[in-house]
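S.K.: For reference, the chains in residue letters:
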Amino acid sequence: MSPSTIDDSCLGAYQRELDYLIRTLQRLGVNPADVEDLAHEVFLILRRTWHTYDPTRPLRPYLFGIAFRVAATHRRRHWREVPFAIVDGPDRAPCPDQALETSRARALALAALHRIPVPRRAVLVMHDIDEIPVHEVAATLAIPIFTVYSRLRKARRELETAVAQLQKGSVIR
Amino acid sequence: MTTDDTGRMPPPLHHSVDALLAHERALPAQPEMARARILARAREALRATALATVSPRVVPFRVRRYLFASAAGVALLAGAAAAYQMVRRPLSPLPTGKRAPGILQEPPSGPPSVEPTAAPKPAREIALAATTPAVRVAPAKAAFSGRRTSLVARPDGGLRELALLTRARQSDARGDYASVLSVAAEHLRSYPTGRLSEEREVLRVKALVGLGRGGEARYVAAQFRHQFPRSVLLQKVDDMLASLP
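These protein sequence lines are chains L and D, in that order.
Residue 170 in our numbering sits at position 170 of the first sequence, with consecutive numbering throughout.
Residue 51 in our numbering sits at position 51 of the second sequence, with consecutive numbering throughout.
Hints are not guaranteed to be accurate.
Stated by the list, open to error - Using 20 Å as the maximum straight-line C-alpha spacing, the simulated SDA-like pairs for lysine to any residue come out as follows:
{"hint": "1", "chain 1": "L", "residue 1": "154", "chain 2": "D", "residue 2": "210"}
{"hint": "2", "chain 1": "L", "residue 1": "154", "chain 2": "D", "residue 2": "10"}
{"hint": "3", "chain 1": "L", "residue 1": "154", "chain 2": "D", "residue 2": "12"}
Unchecked claim - Derived list of chain L stretches under chain D, where covered just means 3 residues or more per stretch with a C-beta under 8 Å from a C-beta of chain D:
{"hint": "4", "stretch": "14-26"}
{"hint": "5", "stretch": "39-48"}
{"hint": "6", "stretch": "147-156"}
It is worth saying that the hints were derived from the structure and are not from the lab.
From the three backbone atoms N, C-alpha and C, an ideal C-beta is built for every residue, glycine too.
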């Protein structure tokens with residue numbers, strides 16, 4: 001396969017899964033200001049390792065594995081930094097009630113997810129949100145399958161607690 | 001999901017939380033501007049990578065293996081040869097009057113008649129240095145002359161060699177050029193590649209000139225020029241030759 005063909009197929013896959021990738025990075029707790037940079041890092045790694053990807057398997061778990069490692073590296077590198085003046089711009093699009101409700105639910109889910117430690121959050125996101133089978137989660141995160149089960153059990157408990165707290169009127173992050 | 005999985009699977013989420021996650025499962029579309037920006041960046045990266053990548057010559061693994069083995073063999077042979085040279089050189093006798101080809105050289109067993117009579121005396125050294133300033137060669141200068149000196153530190157720290165040259169200088173100061181030649185020959189036998197060989201050769205030229213043996217002086221001077229092409233004493237040797245009739 002020529003390099004240009006590989007480039008095209010890799011770029012096409014990246015383009016198709018861009019929404020998923022961005023959302024995954026947000027779920028993994030990446031700062032909104034850094035999401036685009038990390039998405040680009042994920043793309044570079046994806047391109048570099050594209051020859052190892054088996055196209056008969058779903059791309060999302062593979063992409064999640066890269067995103068998880070990139071986000072973890074980013075967190076290790078920048079945990080000391082204190083961001084300032086990063087304010088999400090207001091959404092200027094028309095906001096019907098239903099969309100508003102969805103938006104609130106998403107914000108609540110995201111805020112609750114952020115209260116779960118990342119290793120358990122990754123398992124929960126992969127299995128309960130992305131609906132990836134347990135054995136695939138274990139393979140992607142390079143952890144034993146029993147660890148996946150235990151992390152999932154604990155993450156679910158933590159998520160329920162977090163949602164309950166947030167719905168009671170706690171501050172949403 | 002297998003039956004075993006069902007047994008290990010933790011209890012499901014509360015339905016309200018599950019409903020919340022259902023909202024999260026639907027991926028929100030990214031704004032077009034952000035999407036275009038991210039994709040443009042990715043395309044740019046691909047273009048830059050394509051420009052920067054120089055297609056390497058693909059060498060089959062088998063060939064690479066042989067190349068590596070050959071290189072390792074050559075390196076091993078070179079190392080063995082160098083080690084053999086280092087071990088063998090000191091054992092081979094050096095021809096008298098010639099420069100030693102090897103880099104290692106055993107210190108001589110010692111000239112029999114030098115030490116008792118030629119112990120260096122600092123006060124006289126200073127006086128001699130004043131009388132023959134031109135032929136004193138600092139070791140640092142000798143290092144620039146391109147000659148090879150022994151890498152083995154001499155047990156006497158070079159004092160015996162210095163004593164010989166001191167005798168030669170004393171004879172030179174007295175005008176006893178025959179004695180200068182005799183001591184220089186002794187030095188040549190004992191220290192053919194000694195640190196002071198450059199100075200010895202200059203003294204030989206000076207003594208030959210002093211004795212009026214112009215032909216020999218020119219021959220020794222030519223050898224000196226060949227051996228020490230960057231010597232700071234070349235000008236001095238030329239001046240000596242110029243004084244010949």
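S.K.: Could you run down the list of hints and mark each one as holding or not?
M.R.: Going down the list of hints, with the structure as the test:
1. Only pairs whose Cα atoms come within 20 Å are accepted, and residue 154/L paired with residue 210/D is rejected, the gap being roughly 104 Å.
2. For the hint linking residue 154/L to residue 10/D, the alpha-carbon distance of about 9 Å falls within 20 Å, and the restraint holds.
3. About 12 Å separates the Cα atoms of residue 154/L and residue 12/D, which keeps this hinted pair within 20 Å; it holds.
4. Counting residues of the stretch 14-26 of chain L whose beta carbon lies closer than 8 Å to any beta carbon of chain D gives 7, which reaches the threshold of three, so the coverage claim holds.
5. Counting residues of the stretch 39-48 of chain L whose beta carbon lies closer than 8 Å to any beta carbon of chain D gives 5, which meets the minimum of three for the stated coverage.
6. Given a C-beta distance limit of less than 8 Å, the hint that chain D covers the stretch 147-156 of chain L holds, as 4 residues qualify and 3 suffice.
In the structure shown, a violation is registered for the earlier hint numbered 1 alone.
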